[in-house]
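K.L.:
In case you want the letters, here they are:
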Amino acid sequence: MWDQLVVGAAPGDAITRSALLLRRELAAHGRADIYAQHREPGMHELVGPLEDLAHRPNRARPLIFHASIGSWPIYQALAHETELILVHHNFSPPESFAPYAPDVASDLVRGRWELEQIRDRVVRAIADSEFNAQELRDLGYTDVEVIAPTPDIGRLSRATPDPAMLARITSWNADPLVLCVAQQLPHKRIERVLAAMAVLQQEHMPGARLAFVGVDRFPTYSQGLRLLGRTVGLREPHLLGRVTDAELTALYLRARVFLTLSEHEGFCVPAVESMAIGLPIVASRRAAIPSTVDNAALLIDDPDDPALVAAVVQRVATDERLRRTLIGRGVRRAKLLAAPASLPRLVRAVLSTEPALAEAVAP
Amino acid sequence: MKADHTAVSNEARNPMEPSPNGIGRPPDQLAAALDEVKAELAARRAAGEIPELRAGELDRQFSAVIETVDGTLLDEPDVDTEGLRPLAELPTYEPGRRGLVGLLAPLTSFWSRLVGAIVRRQVAPFAQRSTTIVEQLAERQRRALSFLGRVHLDRVRVLEYRVAELEREVERLRIESSADNDRETVDGP
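Protein chains in written order, with the working numbering: chain A, 57 to 419; chain B, 4 to 192.
With the rest of the complex left out, here is chain A (with noise of 0.2 Å):
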């Protein structure tokens, strides 16, 4: 019944992912169909290519279009859309992107630009957490609604943690083990974490070791990070790069602390994966970090300075009362955001743009 428009599509990205659960939710009105500027090999039969847009059968009601990223292709297809739904998720920082992937930062430039110009056009504007409502905001936009993104965390609960993985990790001899999940990204800044580690492993902990899930995706970014890791004496860092839902598992569960310290997150979907799994959180006060863990993480005001950041690790994966603090507010929280919560608000977004059928489908 409603139409829903992603600018890539790829399995374990978290936007397709929310596309697909609303996907399924709207399916059970009508023929519910998603589109993409760019699909990964695994998508061609979920979703459907930008250029079938203007044939989509449901060009009655407005277009839900994810934003991510701007796109000239995309802000071409939707000037034949005359209603939109925005389903802002998230514009990374041009400036970090500017040293390693210029033509990226001109795209989040224009993303911007590009929110601005379909502006008129949306009926409902959405936004997954308060920071990206207020960049809406601040783009003109006044009647926002803030919906947490949906994150379907119980695929993890699900999957049978990987014997292989589990195996690999008691050969690791971590002790403890720290986890960063995050794509490796300039304002993700990986640089923090490594360094942190290296301090955690020379002042407190010998034996802690980090495993690091993310994929790789400026070369000249990660062969710095590596180059890093070694300047700074960090010892056997786990470098794993894209893994499956089954592996990730295995590393929640197998973990003592999870640590980010990311300068920019719109919602940070990997902190909501390690709360529902009861693994304590260190992270960075920044951007949307602190209003998605809430009251449920370590915040640490100066990311910067590895030193502090080694100090409350250490603390989290030895001091049991406060773990135990951490753990059960993590799974509280997790709860409030995981899908079966956040999914009916978005569902009921969508359907508040037609009166009448929210009317005869509400409880």
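What the hints contain is simulated information worked out from the structure, not anything from laboratory work.
Some hints here could point you the wrong way.
Among chain B residues calculated to face chain A with C-beta under 7 Å, some are [claimed, not checked]:
1) GLN32
2) ILE53
3) LEU56
4) ILE69
5) LEU148
Far from chain B by the CB rule (all over 10 Å, computed), these chain A residues [claimed, not checked]:
6) ARG117
7) ILE125
8) ALA157
9) ARG168
10) GLU191
11) THR216
12) PRO232
13) GLN239
14) GLY263
15) THR276
16) GLN279
17) ARG291
18) GLU292
19) VAL299
20) PRO362
21) ARG377
If you want the footprint, here are the derived chain B segments under chain A, 3+ residues with CB under 8 Å [stated by the list, open to error]:
22) 35 to 44
23) 62 to 68
If you're wondering where the values come from, they're calculated on a predicted model, not measured in any experiment.
All residues carry an ideal CB built from backbone N, CA and C; glycine is no exception.
Starting from the structure of chain A, add chain B where the hints point.
P.N.:
Then chain B, alone, in the frame of chain A:
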């Protein structure tokens, strides 16, 4: 019965909205733990056990690392522009003097000179100007790489000095510590 609309349960409240200040919150154990860690760190820093980190130090170091990664350009040879200028002169084709080619040489040579003159007139200014620009760009790139190489080496040298400084410091502390131990052994516990 009137409903109390001011009482909003956790489940009903939008979880992404900022929490009401302090309402329903347990005493903040996390803030207390964080303060303790900060106080311990400050004490260790005051005692000189852990160095103070200058503002932006991590950024500076990582930017040096990225510079080093980019520095792999230095391993590549200079762009070779040798032989470009003679080509830009667009010399006339000279047929060989042997065999069938030699037999037809007077005719071919005439046409070659004619075509050469026309082509040179049309293309030579462009070819020469392009060659000059390519040579200038190659020279500028060479100078830029030399500059970056020098900067990079200077930075590495600074880091090496710092490492040496730290090694001396470690050695001094080791000597002091062993002297203290010796004194304790002599004085008794």
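K.L.:
So, for every hint listed, does it hold in this structure?
P.N.:
We went through each hint and held it up to the structure:
1. GLN32: Holds, because the Cβ-Cβ distance from B:GLN32 to chain A comes to roughly 5 Å (cut-off 7 Å).
2. ILE53: This hint holds: B:ILE53 lies near chain A, its Cβ roughly 5 Å from the closest one there, short of 7 Å.
3. LEU56: 6 Å, holds
4. ILE69: 5 Å, holds
5. LEU148: Violated, about 17 Å.
6. ARG117: Per Cβ check, A:ARG117 is outside 10 Å of chain B; nearest 25 Å; holds.
7. ILE125: 22 Å, holds
8. ALA157: Since the minimum Cβ distance to chain B is about 13 Å, A:ALA157 lies beyond 10 Å and the statement holds.
9. ARG168: 21 Å, holds
10. GLU191: 14 Å, holds
11. THR216: The claim holds: A:THR216 sits with its nearest Cβ about 29 Å from chain B, beyond 10 Å.
12. PRO232: 16 Å, holds
13. GLN239: 17 Å, holds
14. GLY263: 20 Å, holds
15. THR276: Label violated. Min Cβ-Cβ 6 Å, cutoff 10 Å.
16. GLN279: 5 Å, violated
17. ARG291: The assertion about A:ARG291 holds, with a minimum of 18 Å to chain B.
18. GLU292: 19 Å, holds
19. VAL299: Holds, since 25 Å exceeds 10 Å.
20. PRO362: 7 Å, violated
21. ARG377: 8 Å, violated
22. 35 to 44: holds (count 7)
23. 62 to 68: Check passed, 4 qualifying residues.
In the structure shown, a violation is registered for the earlier hints numbered 5, 15, 16, 20 and 21, in ascending order.
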